[in-house]
Amino acid sequence: MKKLIITCFFISAAAFAQDMKVVQGNFDFLKDQTEINIEFDYSNFTMMKENKPEAQYVEEHKADLEKKAKGNGKIWEKQWIAAKEQIWTPKFLQIGNIVLSKAGKNVSFQEGAATPYTLIVQTVWVYPGWDAGIMKQEAKVTTNLKFVETANKSNVLLEITSEEAPGDQWGNNFNNETRIGEGYAKTAKSLSKLLLKKAFK
1 MKKLIITCFF ISAAAFAQDM KVVQGNFDFL KDQTEINIEF DYSNFTMMKE NKPEAQYVEE
61 HKADLEKKAK GNGKIWEKQW IAAKEQIWTP KFLQIGNIVL SKAGKNVSFQ EGAATPYTLI
121 VQTVWVYPGW DAGIMKQEAK VTTNLKFVET ANKSNVLLEI TSEEAPGDQW GNNFNNETRI
181 GEGYAKTAKS LSKLLLKKAF K
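Mapping to this note's numbering: the sequence shown position 193 is 193, numbers consecutive.
Some hints could be false.
[As the list claims (entries may be wrong)] Using 35 Å as the maximum straight-line C-alpha spacing, the simulated DSBU-like pairs for lysine-lysine come out as follows: (1) K21 to K197; (2) K197 to K136; (3) K193 to K52; (4) K49 to K21; (5) K197 to K102; (6) K49 to K201; (7) K198 to K105; (8) K21 to K105; (9) K68 to K31; (10) K52 to K70; (11) K49 to K68; (12) K201 to K84; (13) K189 to K52; (14) K84 to K52; (15) K105 to K201; (16) K153 to K84; (17) K49 to K78; (18) K102 to K153.
Worth flagging that the hints you see were computed from the coordinates, not collected in a lab.
Throw the hints in and build the complete structure from the sequences for me.
In structure tokens, the structure reads:
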């Protein structure tokens, strides 16, 4: 029994692993900021273990759904496209700002804000996971997080990579787009905690 508990612990720890690393820069410029402009870049990311381009994944998944029931593939494609603005982006903003607010800090991420600095959340890789009821596998989201000068976005002040942020919920979640959204929520939570530790002490 003891061995089983230990084994389960390590499996659980591995399942929720996320690697967030500072690639370059420092946090000093953020110290006195109350708002940070934020942009989301979904233009060029790969998917699945095979690193398929997003367009390839969409076409293949749409075709599979069409074989099962005509019209379902097109319906899903619309849901997939909408998920970026209706699920993934809001999840990041909501959770990231909640973590900062609960810590008592007067700072937030805002889209379209006229601020000196901008955070660019670039999606690099996505794994949608699956849920079969009794068994399931969480989604995973890898992003590149760049803080740049708003007036000169080629000037990167801080770059952070977030590897395989887990996306899951308690209970069952049969929707790929929602699971992926939880990966963005986890990314935002980890980033805000890092900022609280390094920039907004």
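Numbers of unmet hints, in rising order: 6, 9
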